Amino acid sequence: MEQDCLLELSGITKHYPGILALDHVDFSLQMGEIHGLVGENGAGKSTLIKVLNGIVNPDDGVISLDGAPRVIANPRDSAALGMAFIHQEPTLFPNLSVAENLFAGHPRLNRWGLVSKADQKQAARQLLARMSLEIDPSALVGDIRLAEAQMVEILRAISLDARILVMDEPTSSLTESEKHSLFKLIESLKAEGVSIIYVSHFLDEVLAICDRITVLKDGKKVSTHKAKEITKSDLILKMVGHGLEIGEGQSQTHAGDTILSVRALTVHDVLHDISFDLRRGEIVGICGLLGAGKTELAKALFGLLPYDSGTVVIDGEAVHVRSPRDVIRRGMGFVTESRLVEGIIGGLSVRENATVTLFDRLSNWLGLLDRGAQRQLTGEMVADLGVRAASQEQHIMYLSGGNQQKVVLGKWLLLNSTILILDEPTRGIDIGAKREIYRILQRLAGEGTSILLISSEIDEVYDLSDRIFVMYDGRISRQIARGEVTRNELIALVTESISLET
Amino acid sequence: MKPNSISEPENHVARAWNAPARLPNLKFLKRLPDETGLLIILIGFGIILSILSPYFLTVGNFVNVIITMTSTGIVAVGMTFVMLSGGIDLSVGSTMALAATIAATYSKSGSPAVVVILIAVGIGIIIGLINGIAITKLRVPPLITTLAMLSVARGLELIYGRAVTVTGLGSDINFLGRGTIGPIPVPIVLLFGLYVIASIVLSRTSFGRKIYAVGGNERAAQIVGIKVNQIKISVYVISAVLSAFGGLILVARLGSAPTIIGTGLELDVIAAVVIGGTSLSGGKGGVWGTLLGVAILGLIQNTLNLLNVSPYYTQLVQGLVIFVAVAIDMNRRRGT
Ligand SMILES: Nc1ncnc2c1ncn2[C@@H]1O[C@H](COP(=O)(O)OP(=O)(O)OP(=O)(O)O)[C@@H](O)[C@H]1O
Ligand SMILES: [Mg+2]
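Residue numbers (the numbering used here), protein chains in the order written: chain C, 5 to 506; chain G, 5 to 340.
If you're looking for bench data, these hints aren't it; they were derived computationally from the structure. Incorrect hints may have been included.
Among chain G residues calculated to face chain C with C-beta under 7 Å, some are [said to hold, decoys possible]:
1. G48
2. R208
3. G220
4. R223
5. I227
It should be emphasised that the depicted structure is a prediction, and the values quoted were computed from it without experimental measurement. For glycine and all other residues, C-beta sits at the position ideal for the given N, C-alpha and C.
Only chain C is shown next, with the shape it has when bound in the complex (with noise of 0.2 Å):
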C-alpha cells in the first residue's frame, strides 16, 4: 500500500471557534488513484481540502509530497507542487468572460507581451468541446448557468496539467450528462497517470469511479477502504454512525384543487408556451438538461424574470408577477439554486439567516424583533435539518457548504409557505439530511403545501414527485404520472431529447 505513496498528510488539526473542524486526520493519496472522501455536512472534508491548497493553515500536523515534508502556506505553494483545485463553490470572477476565466491565472501572451483575447477564446473553445460544453467563451461567468460555471470551473482546473487533481463536489449541480461527461474525463485523467481526490454526497458515484475511500466523522478520520470492498449501506454507517432506512414508502397523492394554473407562460428565447395545473398537497417534479429552462420557469413564476406573455392564476385569482412580494404574498416560496449568490446573507447568523423571511411577522408595532420567537423557531429548524453550527449567533459563512445549504431551504419551511419552488434543494447536502428533508417535504405535501421541485438528482425526482415534468429547450416536453415510467426509463428519457436533436 505504501509503495506508490505519492501525498500523505499527517495528523492534520484545525480549530475554529467551537468546532474543532479536523482532529488529527492522516490521509494518503497513491500515484494514479482515485481517493473519495466522504462524510456528514461539516465533516471537515472542504476543509481538509483548503488545508491542501493552501488556504486554510492548519493548527497542527505534516503534509508530505514524494515523501518529502512540505509546508504548504498558500495557493501558490500548492499550485508549485502541482495540485489543483475545484472547490465547492464556484471561485470565477463573474465579470469575466469564460475564457478570461479559464487562462486567468496563466494568460497565453502574444509576442508583445499583451493578453491575445484571439488564442485564448480558441483555446477555451477546444477545452469546452472536450466536454461537449456549448458556451460561448466570451459569455460573462456572472450570466451563464451555475452548472455551466462549475464545468468552467472544472475545466479551468483541469487546464493546469496538475498531476493531482482535488474535486470538491462537482457533481453537485450537474445534470446527468454533464456528470457522464465528466466521469469519462477523470476516468482518462486517470489513465494519463493524474491522482484525483474526489469529494462527493454522491455515494454511489464515489463507489463506481474511486479506488479507495476515507471517511470522515466530525472532524476525525474514520477509516479508509477499498471501493471494492465495502458497500453503500457499510459507508452510510460509517459516515452516520447509524444505519439508514433505504428506500422508504412514496407517499399517497392526496391532491386537491388546482392552486397554481400556469397558460401559454412565455420568455422570449427561453420558455415557450408553458402551461400546468399544480394542485394542492401535489409534488410535481421538474426535470430536464442543462438549458433545458427549469431554473428560468421558477425564476419567471416568482417574479425574479419578467415574461413576455402568458397568465399566473394563483388560488383562483389572476396574477401579474413582477417582483418576489407579488407572489410571497400570496404564499409563494422560492429556494434558489445557487446559495452564495442568492441564498445566504453573509455578515447576518444562522439566526437571522434563517428568520429573514420572518421578519415583518416577528416585530412588534415598534418595530422590535422577538428575538425569543426568532431564537426558538430557528432552534425547531436547526434540530429538524440537523444543521452543524456552533451556536445561533454564528455567521453563516463559517458554516460548510451542506449546512448553508439546509438554512436556505429551512428559512422557507419556516415561513409556511402554500406553494413552494424548490431549485436543487438538497444541493450539498448529505445523505442522512437528505432523507429528513425528503420526510418534511412528503409531510408538508401531505399538509396540503404544493411543491414544484426542480433537480438535476433523477431519484430525488422520481421517488418524490406524483408527476414529473420533462423540460426541453424551453417547454414541457413531456408530462409523466407517477408509476407511469421506470427509474430508468426516465432516466432515458431526460437525455434521449439530446439525441433527437443531434
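Following the hints, complete the assembly by docking chain G with the ligands onto the known chain C.
Chain G with the ligands only, in chain C's frame:
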C-alpha cells in the same frame, strides 16, 4: 437527524468542543476584539495627552471635545446607515450647509425654533428622497448620485445665501447648541440619545436588520421579499435629515451660519465610520464603532490644539491615524 442522535463514543473530543461549557469564554473572546483595537488607540491618545498637557484630563476639555464633535457625530450616524446598506453618501456636507443656511435665515427673520427645525428636517427629507430615488429608480450609482448632490446642494446654498454668512439667529434656536439640561449641555444629550436610538434601531428592529440584509446580499434580500428600494431610500433620507439636523446644531452653537459650513465633512464622516469598523461594502458594522471613530478624530484635533501644533498638520496626522487604525483592524480580523 439531530446532531446528538448521531453521537458515538469515538467522537467525544469533538463533542467536548461543542459542549456549551466552553462556549461562553470563546464567545467572550470573539466579542472582545471588535472594538478593543479602537479603544486601545483612544486610551493611548489619552495617556500621551495627559502627560503632555495637564489641561487634557479636565472635565471642561472633555465636554469641549464632545461638543466640537457633535455635528460630525450626528451626521456619522446617518452615514453608518447608508454604508451598512452598501451605499455611500458624499452629499452630507452640502446638505448640512443648505439646510443650515436656510434654517438660519428663517430664524433670523423671527421664525420660532419649531418652524426652523421643521424646515431643516424638510430640506433633509427632500434631498434624501432625491438621492434615494435616483439611486434606486434611475439606477445611478450612489457615488455618482451623491457626488452630484454634493455640488448641487452647495450651489443652491450659495445662491440662496448669496455667499454671505447669516448672523443674528433667534435665541430659542441657540438653545440647541448652547443650552443645558440640568448640568449637561444639550448637544451632548442629543448626541448620546441619538446613538442609543440608532443602535436599538439597527440591532433590534426589523427595519434595522433589513438594512444589514440588503447590505449583506441585496439579491437574496429581494428574493425573500424585502422591499430593497424602500430600505435604500430610507437610509438616504435618514442620512440627509441627520445632516440637516447636525447643521442646525452647529449653527446654533456658532450663532451664525458661515457659507463654508460642512465643507469636506463627508471625508471626516466616512473616515469615522470606516475607522469604526463598518464595512465599505455593506452588511457589517454598527454605530458604537462609529462613535469611537468620531471620538478618535475629535481627540486628534484636540491634541493638536492643546499642543499648539499648526492646523496645517491636522490633516496629515488625521490621514495617518485613519490609515493605521484601519490597517490594524483589517489584520486583526484576518488573524481569526
Ligand atoms: N472559517 C470558518 N470559521 C468557523 N468555522 C468554520 C469555518 N470554516 C469551516 N468551519 C466549520 O468547520 C466544520 C467543517 O466544515 P467543512 O466545510 O470542512 O465541512 P464539509 O465536510 O466540507 O461539509 P459539507 O458537506 O457541508 O460541505 C463545520 O462545522 C464548519 O462550520
Ligand atoms: Mg464542503
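Going down the list of hints, with the structure as the test:
1. G48: Since the shortest Cβ distance to chain C is 28 Å, the answer is violated.
2. R208: holds, 5 Å
3. G220: At about 4 Å, which falls below the 7 Å cut-off, the nearest Cβ of chain C leaves the hint on G220 of chain G intact, so it holds.
4. R223: holds, 5 Å
5. I227: holds, 5 Å
Checked against the numbered hints given earlier, the structure breaks only hint 1 and satisfies all the rest.
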